[in-house]
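Using the hints provided, position chain P relative to the given structure of chain C.
Protein chains: 2
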Amino acid sequence: MAESNHLSHDWDLPAGEALLQDVFGIVMDELVRKGTDASEKSHYSLQKGAAFLGMGTDSIRLVKADERGKMIPEDLEKQINQAEAEGAVPLFVNATAGTTVLGAFDPLEAIAEVCQQHGLWLHVDAAWGGSVLLSQTHRHLLDGIKRADSVSWNPHKLLATGLQCSALLLRDTSNLLKECHGAQATYLFQQDKFYDVSLDTGDKVIQCGRRVDCLKLWLMWKAVGGSVLEQRVDWAFTLTRYLVEKIKLRKGFELVMEPEYVNVCFWYVPPSLRGQQDSADYCKKLAKVAPVLKERMVKKGSMMVGYQPHRTLPNFFRLILGNPALRTADLDFFLDELEQLGQDL
Amino acid sequence: MAESNHLSHDWDLPAGEALLQDVFGIVMDELVRKGTDASEKSHYSLQKGAAFLGMGTDSIRLVKADERGKMIPEDLEKQINQAEAEGAVPLFVNATAGTTVLGAFDPLEAIAEVCQQHGLWLHVDAAWGGSVLLSQTHRHLLDGIKRADSVSWNPHKLLATGLQCSALLLRDTSNLLKECHGAQATYLFQQDKFYDVSLDTGDKVIQCGRRVDCLKLWLMWKAVGGSVLEQRVDWAFTLTRYLVEKIKLRKGFELVMEPEYVNVCFWYVPPSLRGQQDSADYCKKLAKVAPVLKERMVKKGSMMVGYQPHRTLPNFFRLILGNPALRTADLDFFLDELEQLGQDL
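First to last, the protein sequences are chains C and P.
Residue 90 in this note's numbering sits at position 90 of the first sequence, with consecutive numbering throughout.
Residue 242 in this note's numbering sits at position 242 of the second sequence, with consecutive numbering throughout.
Pulled out of the complex, with its shape left as it was, chain C reads as follows (with noise of 0.2 Å):
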């Protein structure tokens, strides 16, 4: 990343996902982006924007993911060859590094050599997963980011800046946002200051009204230095491994994959489920387990984590490991705590 893109000027962007990043300023009719009904999804901000911008969610192609949620390059490949021949233009492709459920990080070489010969942008919707880029060990993940047109970063989420904090990063180096989104309003953006205007940004982003909220990132940055920063994240993966071995050990829990990422996703099974998979409406049972505990962990204050279902999957939860503050006990907690809640399920 640091290269070949630079840190745009505009990346104090409204935050909201990859939502209004993605489509920041590209003319465009046709959108392709991974996942299907019958695969891992790419966040549902892609839908929104194309909803929001009028040219409709038709306008978004699907692409194939695999089991792990990972999209499928030779997918993506037909899906181009498919718009085209239907006389459409694609303009971008958007691939997922980290996404919401299973946290999986797309095969960004492969995608980014589809893309080259087929001069789409490419965009890497990183909210998620972009702060792995911090840790020596894990960045490997992230593998062919750098060949990416633009990618968006939510230092909001793993790194735990306070909400909001989004970046937008881009290779264009022609002020794109400015002539994109420049409104020149004179009572506000006066060109006869006693600076250099170009360091006023707010006439490249959408919003007029809005906070600098990459100021909490760079504070956060020269208080803790990136070795801390790389400690916090190594960490999480860390507390994941350790998470997942613990849940392959104990009674009623079982995990919906290996984590890739630090989403940790697994059900609970109740003792009066153990041993029922083969029965008819187990999956119907199971899914009304995670709310039960959720409603019970709620109103007790214990503990809160979020469940979902996914494909055909029945809920499940999903446990982030993000928190720094976090300790080896504190999942030990969260285990024991589930099954006193659940124990007469």
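No lab work stands behind these hints, which were simulated from the structure alone.
Mixed in with the good hints, there may be bad ones.
One copy or any two copies: either way a pair holds, since identical chains are not told apart in the list.
[Stated by the list, open to error] Taking lysine-lysine pairs in the DSSO-like style, the calculated list, with each CA pair at most 27 Å apart, reads:
no. : residue 1 : residue 2
1   : K246      : K300
2   : K222      : K193
3   : K284      : K299
Chain P only, in chain C's frame:
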């Protein structure tokens, strides 16, 4: 307002003046708004919104304003008729309650009348002026706002709620934003929660990762009460009158016009330019005064005040008296300081 509009759940929308809010979910091919190059303009966010939504800025029709920056309802009527004659379908009128530079309030009753006759959505951009509704003394400036279909309001302006805090008030009770923006991402907006999921506002707004900005307003309101907020608004008007009278009495200061709101627009005329109003390059020279004074005050660190040109008027200062901690002594200091900084010009 209170009796005829409800405070939508969506009022913690992304900040950004009225940018994204003006055009929420309205299928449109023509916008009608106030402002021309020869008159007070509405907020530049409308231009940006039309560009961003892919409609193009040509879809915005400009309506003439009078010399005080207020929309002329007769010209609005004329523009609507003209648009219809050209086969366009006018969809909404944007009126402004408190323009940025002059602080002008459009005649909302008369505009609402035109909108009603033509079946047009009336949006009132009260980003800057909306807080005046809290004052029994001054709320008449917004007479007619209860007829609006939508109102945007930035408590982070006159009420000084921390940036960002923007409200969108809708007359609609059909859950319009949900209809327009809901993406039903199953991994985020679970429907099987144990509480009333209609309280979840996340799926109604444009952004995903965003702060709960309305909490700041709620806390402030709870903490100090409506009467204190009213006093603050009234105090801003009181200070405005104080400053205006001082400016009138003071040599070298000239009002642009009597303020209607708390925007005090004036020139500082340095000694060398006094009495030179009839010279050919007077305006050109006067235009250079404000930037020089701004540079000097910033470098000295004594004050901050904005300036801008307006129509054919050269750069003038615009002091906004919105800080409730201001006292008349601060305003005396302000005028003294300007005079001192500019005495050699």
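Self-check item: Homo-oligomer pair classification [K300, K246; C-alpha up to 27 Å]
Solution: within (24 Å within a copy, 62 Å between copies)
Self-check item: Intra- versus inter-subunit Cα pairing at 27 Å for K222 with K193
Solution: Result: close neither inside a copy nor across copies, 29 Å intra and 41 Å inter.
Self-check item: Intra- versus inter-subunit Cα pairing at 27 Å for K284 with K299
Solution: Classified as within: same-chain Cα gap 24 Å, cross-chain 69 Å, threshold 27 Å.
Checked against the numbered hints listed earlier, the structure breaks hint 2 alone; every other hint is satisfied.
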